[in-house]
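Chemist: Chains as they are written, first to last, in the numbering used here: chain F, 1 to 146; chain D, 1 to 146; chain A, 1 to 146.
It is possible that some hints are incorrect.
[Stated by the list, open to error] Output of the computed footprint for chain F on chain A, the stretches with three or more beta carbons under 8 Å from beta carbons of chain F:
| no. | stretch |
| --- | --- |
| 1 | 76-85 |
| 2 | 114-128 |
| 3 | 132-143 |
[Claimed, not checked] So these bits of chain D aren't anywhere near chain A, every CB distance computed over 10 Å:
| no. | residue |
| --- | --- |
| 4 | L19 |
| 5 | K20 |
| 6 | Y22 |
| 7 | A39 |
| 8 | L45 |
| 9 | F52 |
| 10 | L85 |
| 11 | S89 |
| 12 | P90 |
| 13 | I95 |
| 14 | A141 |
Honestly, the hints are just simulated from the structure, not real lab data.
Values in this document were obtained by computation on a predicted structure and should not be read as measured data.
By construction, the Cβ of each residue, glycine as well, lies at the ideal position given by its N, Cα and C atoms.
Each chain is listed here by its residues.
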Amino acid sequence: MMENKVFLSFTFYSTILILKMYVVAIVTGQVRLRKKAFANPEDALRNGGLQFCREDPDVERCRRAHRNDMENIFPFLFLGAIYSLLDPSPTVARIHFLIFCVGRIIHTIAYLLRLQAPTRSLAYSVAQLPCFSMALQILMATTPYW
Amino acid sequence: MMENKVFLSFTFYSTILILKMYVVAIVTGQVRLRKKAFANPEDALRNGGLQFCREDPDVERCRRAHRNDMENIFPFLFLGAIYSLLDPSPTVARIHFLIFCVGRIIHTIAYLLRLQAPTRSLAYSVAQLPCFSMALQILMATTPYW
Amino acid sequence: MMENKVFLSFTFYSTILILKMYVVAIVTGQVRLRKKAFANPEDALRNGGLQFCREDPDVERCRRAHRNDMENIFPFLFLGAIYSLLDPSPTVARIHFLIFCVGRIIHTIAYLLRLQAPTRSLAYSVAQLPCFSMALQILMATTPYW
Chain F
1 MMENKVFLSF TFYSTILILK MYVVAIVTGQ VRLRKKAFAN PEDALRNGGL
51 QFCREDPDVE RCRRAHRNDM ENIFPFLFLG AIYSLLDPSP TVARIHFLIF
101 CVGRIIHTIA YLLRLQAPTR SLAYSVAQLP CFSMALQILM ATTPYW
Chain D
1 MMENKVFLSF TFYSTILILK MYVVAIVTGQ VRLRKKAFAN PEDALRNGGL
51 QFCREDPDVE RCRRAHRNDM ENIFPFLFLG AIYSLLDPSP TVARIHFLIF
101 CVGRIIHTIA YLLRLQAPTR SLAYSVAQLP CFSMALQILM ATTPYW
Chain A
1 MMENKVFLSF TFYSTILILK MYVVAIVTGQ VRLRKKAFAN PEDALRNGGL
51 QFCREDPDVE RCRRAHRNDM ENIFPFLFLG AIYSLLDPSP TVARIHFLIF
101 CVGRIIHTIA YLLRLQAPTR SLAYSVAQLP CFSMALQILM ATTPYW
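Please construct the entire structure, taking both the sequences and the accompanying hints into account.
Modeler: Structure, rendered in structure tokens:
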């Protein structure tokens with residue numbers, strides 16, 4: 001596997017996206033501290049008092065971005081790995097990974113910076129295209145083994 | 001790996017379930033549009049006005065179904081892959097994958113169509129059985145290497 | 001892969017953590033029953049009446065613990081697998097997996113038992129260290145293939 005250049009390319013883009021998700025987590029924590037909005041009483045107590053155990057729209061926005069990442073990037077980690085093992089054209093495969101990676105980075109930027117609709121949903125939809133393509137190719141290769 | 005028939009069977013069922021999750025995401029978006037209930041002000045603004053940035057019980061139902069999928073299907077993607085490499089009986093392995101796949105599809109149907117309890121929790125519990133079985137078999141095979 | 005001792009060690013710790021997540025799911029269900037707080041009307045109806053379709057702070061706490069697990073343990077399943085294939089020192093690799101595993105178990109205990117801050121965030125941060133380390137090592141190995 002570690003001599004399969006498509007797989008190595010896939011792991012590069014996947015790791016970039018996981019680090020991107022970690023950044024969203026860190027941003028969420030920073031917004032919680034700045035807006036003083038904590039999910040747990042024990043955190044609020046340590047940061048000024050129980051009144052800061054509350055919701056905040058900016059925190060919720062970060063959490064929605066993070067959840068959307070989980071809904072979409074985690075399936076990519078699976079589909080991309082299996083697709084890489086199907087011996088696809090390296091150029092075509094790299095286009096799949098690149099579109100997904102760029103689409104998801106734009107999705108996060110559009111979410112956190114509240115860019116005008118439909119920037120975010122467009123980025124989401126474009127990023128889904130390589131996922132559907134990979135899923136269909138995997139099904140075509142594995143249907144005989146159901 | 002791509003000559004291991006158990007692994008190919010596993011990838012088939014996994015990809016079906018990932019596509020099933022994508023369907024839940026698409027349904028969520030459709031319900032948001034139909035009920036006019038958006039999570040973000042920028043989406044509401046594009047769809048009639050800020051008053052449509054609101055929660056809706058049908059949207060929340062879709063989101064709970066999706067989240068439950070993440071909690072259960074993602075671990076399966078890991079457990080099933082490792083289990084496939086343990087050289088299990090192909091028939092027994094396929095039964096594991098099939099029970100999980102059918103259980104999770106019924107879970108989604110029961111969730112979105114509000115089927116009477118305990119249909120949904122029963123489907124959830126049945127789908128967990130092959131997961132526990134695979135997890136235990138992996139632990140038995142790998143405990144010497146902890 | 002199943003002769004790679006680092007990979008086998010990784011699968012052991014990963015499976016332990018997936019079982020740990022299943023325990024959080026089971027605890028959530030038990031708290032829902034004990035506190036009579038259900039997310040769905042059909043579940044509430046079966047357990048005493050529609051008035052029990054309601055939120056509960058203890059249930060929400062379990063759900064936050066579970067979600068934080070998804071945000072962090074699922075990426076580990078990917079990073080750890082790829083890192084294992086990079087031929088790392090078995091001792092160093094095991095330290096990575098052990099720190100993550102112990103950190104995440106302490107995180108769950110601190111969450112569910114409401115341990116005083118910053119126990120939980122400290123466990124979270126310590127568990128992220130091996131993840132960042134593995135992500136950087138993967139990037140260093142795969143950047144030529146982007």
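Chemist: Are the hints correct? Go through all of them and say.
Modeler: Evaluation of the provided hints:
1. For a cut-off of 8 Å, the count of residues in the stretch 76-85 of chain A with a CB near a CB of chain F stands at 4, and the three-residue condition holds.
2. Using a Cβ-Cβ cut-off of 8 Å, 8 residues of the stretch 114-128 of chain A lie near chain F, which meets the minimum of three, so the contact claim holds.
3. Interface restraint, the stretch 132-143 of chain A with chain F: holds (7 residues with C-beta to C-beta distance below 8 Å; minimum three).
4. Listed as a non-interface residue, D/L19 keeps its Cβ farther than 10 Å from every Cβ of chain A; the least gap is roughly 19 Å.
5. Separation of D/K20 from chain A is adequate, the least Cβ-Cβ distance of about 18 Å exceeding the 10 Å criterion.
6. Every CB of chain A lies more than 10 Å from the CB of D/Y22, the least distance being 17 Å, so the non-interface label holds.
7. The Cβ of D/A39 sits about 16 Å from the closest Cβ of chain A, beyond the 10 Å cut-off, so the non-interface label holds.
8. Non-interface status of D/L45 relative to chain A is upheld: no Cβ of that chain comes within 10 Å, the nearest being about 28 Å off.
9. For D/F52, the non-interface assignment is confirmed: its Cβ lies about 23 Å from the closest Cβ of chain A, beyond the 10 Å cut-off.
10. Not every CB of chain A lies more than 10 Å from the CB of D/L85, the least distance being 5 Å, so the non-interface label is violated.
11. With a least CB separation of 16 Å from chain A, D/S89 remains clear of the 10 Å interface cut-off, as annotated.
12. The claim that D/P90 is not at the interface with chain A holds, since no C-beta of that chain comes within 10 Å of its own (minimum 17 Å).
13. Listed as outside the interface, D/I95 is consistent with that label: its C-beta sits roughly 20 Å from the nearest C-beta of chain A, beyond the 10 Å cut-off.
14. A beta-carbon of chain A is positioned within 10 Å of the beta-carbon of D/A141; the least distance is around 8 Å.
Hints 10 and 14 from the list above are not met by this structure, while the remaining hints are.
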